[in-house]
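A.B. asks: What follows is each chain in one-letter form.
There are 2 protein chains.
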Amino acid sequence: MSILVVGSVALDTVLTPLEEKIDLLGGSATYFAAAASYFAPVRIVGAVGEDFQMNQLEFLKERSVDLGGLQIRSGRTFRWTGRYGDDPNDRETIDLQYGVFAGFSPLLPDDYGASEYIFLANINPELQLRVLQQITAPKLIMADTIDHWIERRRGVLLEVLKGVHAVTLNDTEAKKLAGEDNLIRASKAILKMGPEIVIIKKGEHGALMVTGDSLFALPACPVENVCDPTGAGDSFAGGFMGYLHRTGDLTEESLRKAVACGTVMASFVVERFSVDGIRSLSQEDIERRLREFKGITWFEEVDPWG
Amino acid sequence: MSILVVGSVALDTVLTPLEEKIDLLGGSATYFAAAASYFAPVRIVGAVGEDFQMNQLEFLKERSVDLGGLQIRSGRTFRWTGRYGDDPNDRETIDLQYGVFAGFSPLLPDDYGASEYIFLANINPELQLRVLQQITAPKLIMADTIDHWIERRRGVLLEVLKGVHAVTLNDTEAKKLAGEDNLIRASKAILKMGPEIVIIKKGEHGALMVTGDSLFALPACPVENVCDPTGAGDSFAGGFMGYLHRTGDLTEESLRKAVACGTVMASFVVERFSVDGIRSLSQEDIERRLREFKGITWFEEVDPWG
Numbered sequence: 289m290s291i292l293v294v295g296s297v298a299l300d301t302v303l304t305p306l307e308e309k310i311d312l313l314g315g316s317a318t319y320f321a322a323a324a325s326y327f328a329p330v331r332i333v334g335a336v337g338e339d340f341q342m343n344q345l346e347f348l349k350e351r352s353v354d355l356g357g358l359q360i361r362s363g364r365t366f367r368w369t370g371r372y373g374d375d376p377n378d379r380e381t382i383d384l385q386y387g388v389f390a391g392f393s394p395l396l397p398d399d400y401g402a403s404e405y406i407f408l409a410n411i412n413p414e415l416q417l418r419v420l421q422q423i424t425a426p427k428l429i430m431a432d433t434i435d436h437w438i439e440r441r442r443g444v445l446l447e448v449l450k451g452v453h454a455v456t457l458n459d460t461e462a463k464k465l466a467g468e469d470n471l472i473r474a475s476k477a478i479l480k481m482g483p484e485i486v487i488i489k490k491g492e493h494g495a496l497m498v499t500g501d502s503l504f505a506l507p508a509c510p511v512e513n514v515c516d517p518t519g520a521g522d523s524f525a526g527g528f529m530g531y532l533h534r535t536g537d538l539t540e541e542s543l544r545k546a547v548a549c550g551t552v553m554a555s556f557v558v559e560r561f562s563v564d565g566i567r568s569l570s571q572e573d574i575e576r577r578l579r580e581f582k583g584i585t586w587f588e589e590v591d592p593w594g
Numbered sequence: 289m290s291i292l293v294v295g296s297v298a299l300d301t302v303l304t305p306l307e308e309k310i311d312l313l314g315g316s317a318t319y320f321a322a323a324a325s326y327f328a329p330v331r332i333v334g335a336v337g338e339d340f341q342m343n344q345l346e347f348l349k350e351r352s353v354d355l356g357g358l359q360i361r362s363g364r365t366f367r368w369t370g371r372y373g374d375d376p377n378d379r380e381t382i383d384l385q386y387g388v389f390a391g392f393s394p395l396l397p398d399d400y401g402a403s404e405y406i407f408l409a410n411i412n413p414e415l416q417l418r419v420l421q422q423i424t425a426p427k428l429i430m431a432d433t434i435d436h437w438i439e440r441r442r443g444v445l446l447e448v449l450k451g452v453h454a455v456t457l458n459d460t461e462a463k464k465l466a467g468e469d470n471l472i473r474a475s476k477a478i479l480k481m482g483p484e485i486v487i488i489k490k491g492e493h494g495a496l497m498v499t500g501d502s503l504f505a506l507p508a509c510p511v512e513n514v515c516d517p518t519g520a521g522d523s524f525a526g527g528f529m530g531y532l533h534r535t536g537d538l539t540e541e542s543l544r545k546a547v548a549c550g551t552v553m554a555s556f557v558v559e560r561f562s563v564d565g566i567r568s569l570s571q572e573d574i575e576r577r578l579r580e581f582k583g584i585t586w587f588e589e590v591d592p593w594g
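Going down the list, the sequences are from chains A and W.
Going by the working numbering, the final residue of the first sequence carries number 594, and the count climbs one at a time with no gaps.
Going by the working numbering, the final residue of the second sequence carries number 594, and the count climbs one at a time with no gaps.
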């Protein structure tokens with residue numbers, strides 16, 4: 289059975305301190321699917337406009353990504369324009385054009401409702417809720433969200449959080465959602481809203497996973513040349529859920545390995561523009577970086593007075 | 289043989305979003321010694337004014353900290369006033385009064401020059417250089433510095449860096465010193481300035497240790513209630529060098545454990561004002577937190593296709 293992702297397939301304009309790129313392939317569902325598809329089959333539900341060149345997604349099809357749920361609607365594709373500062377964690381959204389996504393309703397095709405692993409990428413929580421209502425046999429539902437919805441659709445978002453197993457957000461979003469300045473306290477407050485797993489993405493500072501009885505903190509996989517941070521969070525989610533789907537193991541030990549997989553997939557993404565960093569990796573590429581990452585973070589039990 | 293620290297013993301005024309505290313015991317040498325003294329004997333070289341109440345350092349004496357090199361000079365004790373924002377990484381220096389530290393020259397008492405482990409805390413690099421010239425049998429010399437000296441005393445600072453084994457600075461300082469936006473590239477550039485070990489402190493985001501052939505990244509030890517971040521970096525250095533002195537082992541494996549010790553000592557410090565968080569710990573307190581920290585960061589080898 290495939291992982292279901294509901295989110296955007298978009299065209300991004302990205303301004304970095306060094307370069308400007310127009311109409312790059314982007315979107316949360318695209319990044320998620322590209323990363324997850326190394327580990328498991330994926331189904332995308334989303335919408336693009338008539339201006340979208342479908343052959344851009346050919347590489348996903350070749351890796352068993354099912355695009356049957358991707359609606360082609362009359363109008364323009366969702367477009368995002370963002371600018372990064374010298375600090376890659378410093379991002380500003382300059383322009384947002386919902387296009388065909390404005391009228392999009394995620395009606396799941398036959399069988400999709402029976403998906404066991406579901407990622408509700410960052411979209412209007414009303415749409416996330418509509419997807420939740422069509423899910424019949426979930427093992428792991430994870431939702432993402434952003435400031436915009438936390439501020440403007442808090443009520444519906446809280447409904448969504450009641451219905452998911454895991455939520456992933458960045459540090460400022462987590463603090464805003466919880467009304468707490470400290471990330472541990474914020475995570476614990478979010479656990480009380482429904483999810484059993486809270487994953488805080490801190491960009492180049494790594495990730496934090498908090499469950500009812502455990503804390504897991506991991507640095508990012510160090511990248512010497514960050515080209516374009518767009519899609520890091522969704523690729524993280526793709527690596528995370530891809531690994532879990534592949535192993536079918538939702539124990540703490542497995543969840544931690546999944547965070548490492550997500551971290552490594554995100555590190556590939558930021559090295560190139562768009563999805564280029566994860567367009568055509570080999571299993572060996574991913575395995576090698578997982579080993580490097582383990583080497584970078586590893587230390588022995590410390591017993592100063594032993 | 290003791291660890292030698294040359295740095296300030298100061299009186300700090302600390303403004304946090306919740307509280308304001310005046311004339312707290314502070315200073316880089318104080319924090320370093322308080323943390324390191326759990327692992328090894330320590331000697332402080334520094335200066336205080338006649339207004340300083342020496343009984344404030346009684347707790348250090350009781351833990352074998354030698355204050356023979358602490359000069360009591362006529363005039364006022366070094367004073368620092370700083371304000372923290374809601375984000376504890378966000379610190380602003382409001383006032384700085386060098387007092388007796390302005391005319392201070394670090395002349396080492398007999399025997400001190402033969403110290404093997406030396407920490408040159410953040411002071412004018414001219415004074416750091418003067419200490420270096422008196423050291424006769426070093427095994428590990430580590431220096432700290434800040435923006436102020438990087439901007440104003442770059443030449444002398446570069447001399448200091450040529451003479452030390454290790455340097456520790458925070459992320460913005462490392463970027464400024466190296467003229468690089470990326471921390472890995474910055475660390476590699478700093479290695480070329482002389483030190484064999486570069487440790488980047490990222491506050492609540494952990495630490496990065498870079499050597500000629502290895503990278504080590506560690507998150508911070510999560511703290512739910514950060515009271516006062518002052519002294520976290522010097523306590524980190526104290527835990528780091530204290531562990532290394534205790535074991536006498538400077539292998540990569542040992543350096544990594546030392547980073548973990550530093551991380552844990554820093555986590556105790558930020559929970560209380562001044563040195564209160566590390567004033568009277570037991571070995572069991574430190575061992576327990578080291579175990580917790582290991583538990584928080586631990587994950588197994590990941591082999592998705594194994």
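No lab work stands behind these hints: they were computed from the structure.
Please note that the accuracy of each hint is not assured.
What the hints assert, rightly or not - Here are the simulated DMTMM-like cross-link-like pairs (lysine to aspartate or glutamate), alpha carbons at most 20 Å apart as the crow flies:
1) W:LYS476 to W:ASP375
2) A:LYS582 to A:GLU541
3) W:LYS476 to A:GLU512
4) A:LYS464 to W:GLU540
5) W:LYS464 to W:GLU447
6) A:LYS476 to W:GLU512
7) W:LYS582 to A:GLU512
8) W:LYS582 to A:ASP501
Stated by the list, open to error - Label pairs and their in silico Cβ distance ranges:
9) A:GLU588 to W:PRO305: 21 to 27 Å
10) A:GLU380 to W:SER393: 45 to 51 Å
11) A:GLU588 to W:GLY356: 49 to 55 Å
12) A:SER570 to W:GLU589: 36 to 42 Å
13) W:ARG579 to A:SER570: 34 to 40 Å
14) A:THR460 to W:GLY500: 34 to 40 Å
15) W:ARG579 to A:GLU447: 17 to 23 Å
16) W:ASP537 to A:ILE310: 38 to 44 Å
17) W:ARG567 to A:MET289: 30 to 36 Å
18) A:GLU307 to W:ASP311: 32 to 38 Å
19) A:GLU541 to W:GLY401: 29 to 35 Å
20) W:LEU569 to A:GLY536: 41 to 47 Å
Each residue gets a CB set at the ideal place from its N, CA and C atoms; glycine is no exception.
A.B. asks: Now, for every hint given, state plainly whether the structure supports it.
C.D. replies: Each hint tested on the structure:
1. W:LYS476 to W:ASP375: Violated. W:LYS476 to W:ASP375 sits at ~29 Å, over the 20 Å cutoff.
2. A:LYS582 to A:GLU541: 14 Å, holds
3. W:LYS476 to A:GLU512: 10 Å, holds
4. A:LYS464 to W:GLU540: 40 Å, violated
5. W:LYS464 to W:GLU447: Holds, because 17 Å separates the two Cα atoms, which is no more than 20 Å.
6. A:LYS476 to W:GLU512: 10 Å, holds
7. W:LYS582 to A:GLU512: 27 Å, violated
8. W:LYS582 to A:ASP501: 15 Å, holds
9. A:GLU588 to W:PRO305: 21 to 27 Å: About 38 Å separates the Cβ atoms of A:GLU588 and W:PRO305, which means 21 to 27 Å is violated.
10. A:GLU380 to W:SER393: 45 to 51 Å: Given range 45 to 51 Å: holds, Cβ gap about 49 Å.
11. A:GLU588 to W:GLY356: 49 to 55 Å: About 36 Å separates the Cβ atoms of A:GLU588 and W:GLY356, which means 49 to 55 Å is violated.
12. A:SER570 to W:GLU589: 36 to 42 Å: With a Cβ separation near 19 Å, A:SER570 and W:GLU589 fall outside 36 to 42 Å, so the hint is violated.
13. W:ARG579 to A:SER570: 34 to 40 Å: 38 Å, holds
14. A:THR460 to W:GLY500: 34 to 40 Å: Roughly 36 Å apart at Cβ, these two residues keep to the hinted range, so it holds.
15. W:ARG579 to A:GLU447: 17 to 23 Å: 40 Å, violated
16. W:ASP537 to A:ILE310: 38 to 44 Å: 55 Å, violated
17. W:ARG567 to A:MET289: 30 to 36 Å: 57 Å, violated
18. A:GLU307 to W:ASP311: 32 to 38 Å: 52 Å, violated
19. A:GLU541 to W:GLY401: 29 to 35 Å: 51 Å, violated
20. W:LEU569 to A:GLY536: 41 to 47 Å: 44 Å, holds
This entry does not satisfy hints 1, 4, 7, 9, 11, 12, 15, 16, 17, 18, 19, going by the numbered hints stated previously.
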